[in-house]
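The listed protein sequences correspond, in order, to chains H and C.
Just so we're aligned, residue 1 is where the first sequence starts under the numbering used here, counting upward by one.
Just so we're aligned, residue 1 is where the second sequence starts under the numbering used here, counting upward by one.
Since the hints were derived computationally from the structure, they do not count as laboratory data.
C-beta atoms are modelled at their ideal positions from N, C-alpha and C, and glycine is treated no differently.
Careful: at least some of the hints might be erroneous.
[Said to hold, decoys possible] Chain H is nowhere near these chain C residues, computed Cβ spacing over 12 angstroms in every case:
1) F4
2) N5
3) G10
4) Q13
5) Q14
6) A66
7) G68
8) Q70
9) K114
10) S115
11) N118
12) H151
13) I152
[Said to hold, decoys possible] Each computed DSS-like pair below joins lysine-lysine, with the alpha-carbon atoms no more than 25 angstroms apart:
14) H:K235 <-> C:K32
15) C:K11 <-> H:K235
16) C:K142 <-> H:K215
[Claimed, not checked] If the Cβ cut is set under 8 angstroms, some of the chain C residues that face chain H in the computed set are:
17) Y38
18) C98
19) Q102
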Amino acid sequence: MPDRIRRRTPKIKEMTLIKTTYNRRSFLKCSVLAGGGMMLGFSWLASCKPTPEQVRSMPKEWFEINGYLKIGDNGRVTIMSPNPEIGQNVKTSMPMIVAEELDTDWNEVIVEQAPLNTAIFKRQLAGGSQSIRQGWEALRMAGATARHMLVMAAAEVWQVPAEEITTEARTLFHKTSDKSMGYGEVASAAAKLPIPEEVKLKDVKDFKIIGTSRKNVDGLKIVTGQPLYGLDIQKEGMLIAMIAHPPAFGLQLKSVDDTEAKKMPGIKDVFTIQTFNEDYKKSAFDNCSFTNLVVVVGNTTWEVMQAKKALKIEWDRSPAIEEQMDIFGRTMDVRFPAGLESSGAHREAMVEKAGIKQNVVRKDGNPEAVFKKAAKVIERSYSCPFLAHNCMEPMNFFADVMEDKAVLNGPVQTPEFMERSVAERLGLPLEKVDIQMTRMGGGFGRRLYGHFLTEAGVISQRMKAPIKLVYTREDDMTTGIYRPAYHAFYRAALDKDNNLIAFHVRAGGIPESPLAANRFPAGGVDNYLAEDWSIDSNITVGAFRAPRSNFIAGAEQSFLDEVAEEAGKDPIEFRLELLKRAQENPVGEYNDYEADRYSGVLELVREKSNWGQEQDGIHRGVSAYFCHNSYVAQVLDMTIENDKPVVQKVTAAIDCGIVVNPDAATNLAEGGAVDGIGHAMYSGLTFKDGVAEQNNFDRYRLIRYSEAPKEIETHFVQSNIDPTGLGEPPFPPIMGALANALYKATGQRHYHQPFITEKAVVG
Amino acid sequence: MANFNLNINGKKQQIDLDPTTPMLWVLRDHFKLVGTKYGCGISQCGACTIHLGDNAVRSCQLPVSAVGEQAITTIEGLSENGDHPVQKAWLEEDVYQCGYCQAGQIMNASAFLKSNPNPTDEQIETAMNGNICRCGTYTRIKKAIKKAAAHIENI
Chain H
1 MPDRIRRRTP KIKEMTLIKT TYNRRSFLKC SVLAGGGMML GFSWLASCKP
51 TPEQVRSMPK EWFEINGYLK IGDNGRVTIM SPNPEIGQNV KTSMPMIVAE
101 ELDTDWNEVI VEQAPLNTAI FKRQLAGGSQ SIRQGWEALR MAGATARHML
151 VMAAAEVWQV PAEEITTEAR TLFHKTSDKS MGYGEVASAA AKLPIPEEVK
201 LKDVKDFKII GTSRKNVDGL KIVTGQPLYG LDIQKEGMLI AMIAHPPAFG
251 LQLKSVDDTE AKKMPGIKDV FTIQTFNEDY KKSAFDNCSF TNLVVVVGNT
301 TWEVMQAKKA LKIEWDRSPA IEEQMDIFGR TMDVRFPAGL ESSGAHREAM
351 VEKAGIKQNV VRKDGNPEAV FKKAAKVIER SYSCPFLAHN CMEPMNFFAD
401 VMEDKAVLNG PVQTPEFMER SVAERLGLPL EKVDIQMTRM GGGFGRRLYG
451 HFLTEAGVIS QRMKAPIKLV YTREDDMTTG IYRPAYHAFY RAALDKDNNL
501 IAFHVRAGGI PESPLAANRF PAGGVDNYLA EDWSIDSNIT VGAFRAPRSN
551 FIAGAEQSFL DEVAEEAGKD PIEFRLELLK RAQENPVGEY NDYEADRYSG
601 VLELVREKSN WGQEQDGIHR GVSAYFCHNS YVAQVLDMTI ENDKPVVQKV
651 TAAIDCGIVV NPDAATNLAE GGAVDGIGHA MYSGLTFKDG VAEQNNFDRY
701 RLIRYSEAPK EIETHFVQSN IDPTGLGEPP FPPIMGALAN ALYKATGQRH
751 YHQPFITEKA VVG
Chain C
1 MANFNLNING KKQQIDLDPT TPMLWVLRDH FKLVGTKYGC GISQCGACTI
51 HLGDNAVRSC QLPVSAVGEQ AITTIEGLSE NGDHPVQKAW LEEDVYQCGY
101 CQAGQIMNAS AFLKSNPNPT DEQIETAMNG NICRCGTYTR IKKAIKKAAA
151 HIENI
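Construct the complete structure from the given sequences, taking the supplied hints into account.
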């Protein structure tokens, strides 16, 4: 049976005609390049730096658009990739979408990383698995508008009706008169034409580039070691800077003796900085652990590392902090208690919270009464530790701050937000701050919080020189920003016929809850109760690949496995029954998933994994989850070799709408599975008196080659629905499949991550 | 400070610096060969792997004073045009996601295949276990190594 398991009408309106000008205030910029050729940019008032008057006159709905391309007089096409590249491969897949509508030959396209430019591009952010989803229409329109203008220019040259002109591979054709010419020949004329008010987008069935596998545009540079990353930046006169952070959460700088350090070879200066101005209201992405910092600046990395060790610093206890932050336009109070926290006390506090009634977020039916009369009640608790993101490229940034302008370059997922932050701190207008983007050695959410960019700016301004701020691995791992520690308590009630009649989740964490109250199985159970709670902490947390889902998916999917077992039902069949109920007669006012797509991936993975045809010695677990607009189901096959669990195979079924670049998408899905297995099985960050007990990869265990699945098979649901997220969705559910397979293999249920805590011996 | 004569990617180089400086920083800061990556600084992740003679070594733990006459090869010097069989296999399999660890993976795999051109799965596991890929491209690394081994056999 083919992957096309169901045909469906796209829920999103058919897009053939797209208006390019929603009103006169939005505009496309088109300019003739010196030496011929055309440059086409899209600019929308919504993304310009508007005056307050303009903001008020803006319509509510704006196109989420921005694409930008150049066509040379020789027909060469350069497409800018607007969004930050963290390994999710948008630098290849976003330009592919533009190239599709432009009708160019992909192999001839030059792709360039766009700098931050809020006047041209919008949402230049890597996060929430949204780059392709939110860029989709904009990128298509970028290509289609350019193509339209080339056609109009050719119609003028040939004196034929535009409707008779076709395009393919950078070439315009007028078949009836047997004429043809390259895009480059009319690019200059096209650039002088008015911007069309409407453009026609292709039918999905006519795609030639989207849906075909294309290699990573940076591949050759990666395998030959060319400079691509922030840490690789070199500039004449550039100095290296490092920061000495407090050794524990709950401590702050008291005094520093830099006498020895300053005398060391290659050292230029030692000083302290404040990352933010006193009266500055931080945004969500200014989140950071320590803001009063000792900085060492010198000629080379090794010299600065040595001098940093020679600093004599005294620390004292930081007070409790209450401050206001601007969280996406809303002012919110945030609290960081004083004290030196430890993981043992954290665990006790979480268990205590889980044992008492908490804040009710959703309630359907009468769960309390139903639990009392149930034939069987199952209760289980799950937990996970803090996690460090551990991007392979430690945090760093380049800054060259001059009198009247600043250039910053490096790895950051939120350049637009950080531009505002650093401009305010440096006392420069926004337009004098130029932020460029490098390829990133991993993101995983860590580089959403760009304090290192601001720190680099402050240091460069002080030194009056270009500097590169470098975090050591230890700095990177021990100074935040982490995945919170979570806990979830579940209860399920079965009637005498083993029907699930009530479901209860009480989930919380330090310092936030992972609860997603309107997700499955909400909607599929008559009596449902969801509660949340949280415990304040001074340990800094933030988004980590699939925030909250990265724990709650595994917990919920492990619990459902156990409930299915108690009910004597096949775990896939059990889920499908609940999803059928949720689809046909949903419980509650709002459920944030589409039950048929959820069932779709479960059915596909059941078929592709040959579920039900068990083999001796192979222990299987299944899991399915919805997050970031996409659906993923995974089956994990495990064997026991030399008393150790070995993951033989992962079979995944994914519904993320149209898949732009299938092989790259498969790569991302494989990585998500490996990442999820690794973190659930081996990883964790623990604290003793505020100190992170793991500070490098000798003690912090990450999954290694020998521990990865021997084989991963990924299947995508064939779909005409506009693409949704993929960076995050394959990561959370595998933790449930892993736990469920471990149970089959060992007879033991694993409730607390990491499942295996022995120390790694490698190196 | 001391004076060192080094042979890096077939080129003779002279440098005067602190003899304890790890080759990682000599390559990156002094010779601008930034393909060799900093990941952990304690030889746990393998991102900084280079060849010392024919052996894969962690350059973060190799002081410049310990190099002596031995030839150093970095990812930039592995081949002229990125056409070493291991690099070609990596390109064919489109292995990388963020790509940061891959120079180290390639340097480790290429030294390993030179000493063992026809490895078993278990031998590959043992050889590659010291190189972390945070993005989780291990299954593709495996495919690329097997493909490279086949290329090498066919040469």
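How the hints compare with the structure:
For F4 of chain C, the requirement that its beta carbon stay farther than 12 angstroms from each beta carbon of chain H is met, with the minimum near 14 angstroms. With 12 angstroms as the threshold on Cβ separation, the claim that N5 of chain C sits away from chain H holds: the shortest Cβ distance comes to roughly 19 angstroms. The claim that G10 of chain C lies off the interface holds: its Cβ sits roughly 15 angstroms from the closest Cβ of chain H, which is beyond the 12 angstroms cut-off. In this structure Q13 of chain C is separated from chain H by more than 12 angstroms, as the shortest Cβ-Cβ distance comes to about 16 angstroms.
Every CB of chain H is more than 12 angstroms from the CB of Q14 of chain C (nearest about 17 angstroms), matching its label as outside the interface. Consistency note on A66 of chain C: stated as away from chain H, and its beta-carbon is indeed over 12 angstroms from all of that chain's, at 15 angstroms minimum. For G68 of chain C, the requirement that its beta carbon stay farther than 12 angstroms from each beta carbon of chain H is met, with the minimum near 20 angstroms. Every beta carbon of chain H lies more than 12 angstroms from that of Q70 of chain C, the smallest distance being close to 20 angstroms; the non-interface claim holds.
With a least beta-carbon separation of about 17 angstroms from chain H, K114 of chain C lies farther than 12 angstroms from that chain, consistent with its non-interface assignment. No Cβ of chain H comes within 12 angstroms of the Cβ of S115 of chain C; the nearest lies about 18 angstroms off, and the non-interface call holds. Its beta-carbon lying about 19 angstroms from the closest one in chain H, N118 of chain C satisfies the requirement of being farther than 12 angstroms from that chain. Every beta carbon of chain H lies more than 12 angstroms from that of H151 of chain C, the smallest distance being close to 14 angstroms; the non-interface claim holds.
Listed as outside the interface, I152 of chain C is consistent with that label: its C-beta sits roughly 16 angstroms from the nearest C-beta of chain H, beyond the 12 angstroms cut-off. The straight-line distance between the Cα atoms of K235 of chain H and K32 of chain C is roughly 10 angstroms, inside the 25 angstroms bound, and the hint therefore holds. Distance check on the hinted pair: K11 of chain C and K235 of chain H sit about 23 angstroms apart at the alpha-carbon level, within 25 angstroms; holds. Our distance criterion of 25 angstroms between C-alpha atoms is met by K142 of chain C and K215 of chain H, whose separation comes to about 18 angstroms.
The interface hint given for Y38 of chain C is met, as the beta carbon of that residue sits about 6 angstroms from the closest beta carbon of chain H, less than 8 angstroms. The interface hint given for C98 of chain C holds, since its Cβ lies 3 angstroms from the closest Cβ of chain H, which is under the 8 angstroms cut-off. For Q102 of chain C, the interface hint holds, since its Cβ comes within 8 angstroms of a Cβ in chain H; the closest pair sits about 5 angstroms apart.
The structure fails none of the hints (numbered hints given earlier).
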